[in-house]
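**Q** Protein chains in written order, with our numbering: chain V, 1 to 126; chain L, 1 to 140.
Calculated directly from the structure, the hints in this document are not laboratory data.
Cβ atoms here follow ideal geometry from the backbone N, Cα and C, with glycine treated the same way.
Incorrect hints may have been included.
[Stated by the list, open to error] Okay, derived cross-link-like pairs now, SDA-like style, lysine to any residue, Cα gap no bigger than 20 Å in a straight line:
id	chain 1	residue 1	chain 2	residue 2
1	V	121	L	50
2	V	91	L	19
3	V	13	V	91
4	V	91	L	22
5	V	121	L	19
6	V	13	L	80
7	V	121	L	58
8	V	13	V	96
9	V	121	L	68
10	V	121	L	53
11	V	121	L	52
12	V	121	L	22
13	V	121	L	49
14	V	121	L	54
15	V	121	L	46
16	V	121	L	55
[Stated by the list, open to error] Now the in silico label distances, taken between C-beta atoms and shown as ranges:
id	chain 1	residue 1	chain 2	residue 2	range
17	V	121	L	8	49 to 57 Å
18	V	116	L	19	31 to 39 Å
19	L	33	V	115	16 to 24 Å
[Said to hold, decoys possible] Which residues of chain L face chain V? A few of them, derived with a C-beta cut under 10 Å, are:
id	residue
20	32
21	50
22	63
23	80
24	103
25	140
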Amino acid sequence: MDKSVGLQGIRYKGGGTMLAWVLHRIGGLAMVVFVGMHVLSGFSMQQFGSDIGTAINTVYESPYFQVFIYFFVIFHILNGLRIIVLDVWPKLLQYQREVTWLQWLVFVPVYGLAVFLMIQKALAGG
Amino acid sequence: MQTRTVPQPGWSFEYIMWIFTRISGLAMVCLGAIGVIGALILGARTQLDLPTLIRWTFFPNPNHVVNSDIPDVTLGWANAYWQIMQMLLVFFGVSHGFNGVRVVIEDYIGMTFWRPLMRGLLFLLWLFFLIIAVYVILAS
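If we strip away everything but chain L, and leave its shape as in the complex, we get:
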């Protein structure tokens, strides 16, 4: 039977990713809260309907609020601050998600040669989505 080795106390990739999953989850909730509060300060109460506000909360990208009553999206909604918030969200989200995929797959793949292969593939996909997402953010 293919099983995982018994985890040893001390620092390991698995342990760090375990901690990171929790931290990144909380970070995404906090970034969402920052998005909502920022939107309300910018005037979301009169300018956005609720679904648009929620879209903004999940990801504060100006494309998410273009079809709303905001007179000019470039004033306050499309600046470097929100770009940085988006990049933080992308980093935490993509890493959190791909780590999750890794955990799910590793429940079914044991200590064979498929493991490092799969991890390598996931690593490349992780990098790919990070880069694509940052490009979308900067070109929005």
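Only chain V is shown next, with the shape it has when bound in the complex:
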């Protein structure tokens, strides 16, 4: 039997906890790509004074990119901490949905503050 799940994952009603899993995974992959490119750009700027490296790092320093990546970074950290807590105390797994809500409650002000500060700096001519 060779079944591919395909797009059935979208129809699966996993709810908030599945959303957390998806965002955690997408964020993780995004960060691997971002950090990898940033290291390579830094290296080529440092060693060869490369223009492409400088261009890529300039994109990374722009507030629009940072607003985008900070969403995934902060979410990945908070979700990761939630996973660690649930792994160390598995009895809490019965509260998985509530903990996920709590996590969003922490995430929104933290990310909101970060976005506010970034936009403020960008508008002030950062």
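Following the hints, position chain L against chain V.
**A** For chain L alone, coordinates are given in the frame of chain V:
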């Protein structure tokens, strides 16, 4: 259907990496906290703006704080201590990230010959980024 073998109790690569993912995640949070506290001790309150402080927190490299009010970056911000902190962060971060990529790919590749091939490729990429990052740190 290509499936993974049932995990057996006991030590295995998968089990060790499962533990390492958690440990490395916590370690990176701790190293970030050390970065923030160190920066504040060095005078970040008056010398850095917040985005620069956050850049330093994510990775305490002097290149991240050069465009700030620090009079001399080489005094306190660019020494062996921070180089070691950076190397620890790089080790935990690159390993954590590449293990994550391995998990994602292995969700789609079963027990075929592609598995060891992919693992080998990831291992080489992991080594490559570790070496490049350490070089950047030492040449900063």
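**Q** State for each hint whether it applies.
**A** Okay, the hints, checked on the actual structure:
1. V:121 to L:50: 9 Å, holds
2. V:91 to L:19: Distance of about 19 Å is within 20 Å: holds.
3. V:13 to V:91: 24 Å, violated
4. V:91 to L:22: 18 Å, holds
5. V:121 to L:19: 39 Å, violated
6. V:13 to L:80: 51 Å, violated
7. V:121 to L:58: Since the Cα atoms of residue 121 of chain V and residue 58 of chain L sit roughly 19 Å apart, the hinted pair holds (cutoff 20 Å).
8. V:13 to V:96: 16 Å, holds
9. V:121 to L:68: This hinted pair holds, its Cα atoms lying about 14 Å apart.
10. V:121 to L:53: Cα-Cα ~13 Å, so holds.
11. V:121 to L:52: 11 Å, holds
12. V:121 to L:22: 34 Å, violated
13. V:121 to L:49: Satisfied, since the Cα-Cα distance of roughly 9 Å is no more than 20 Å.
14. V:121 to L:54: Between residue 121 of chain V and residue 54 of chain L the Cα gap is close to 13 Å, so the pair holds against 20 Å.
15. V:121 to L:46: Status holds; Cα separation ~17 Å.
16. V:121 to L:55: The given pair, whose Cα atoms are some 14 Å apart, holds under the 20 Å limit.
17. V:121 to L:8: 49 to 57 Å: 53 Å, holds
18. V:116 to L:19: 31 to 39 Å: 37 Å, holds
19. L:33 to V:115: 16 to 24 Å: The hinted range 16 to 24 Å holds for residue 33 of chain L and residue 115 of chain V, with Cβ atoms some 22 Å apart.
20. 32: 9 Å, holds
21. 50: 6 Å, holds
22. 63: 7 Å, holds
23. 80: Given a least distance of 19 Å, the restraint on residue 80 of chain L is violated.
24. 103: With Cβ-Cβ at 9 Å, under 10 Å, it holds.
25. 140: For residue 140 of chain L, the interface hint holds, since the closest Cβ of chain V sits about 7 Å away, which is under 10 Å.
Consistency with the previously given hints fails for numbers 3, 5, 6, 12, 23, ordered from lowest to highest.
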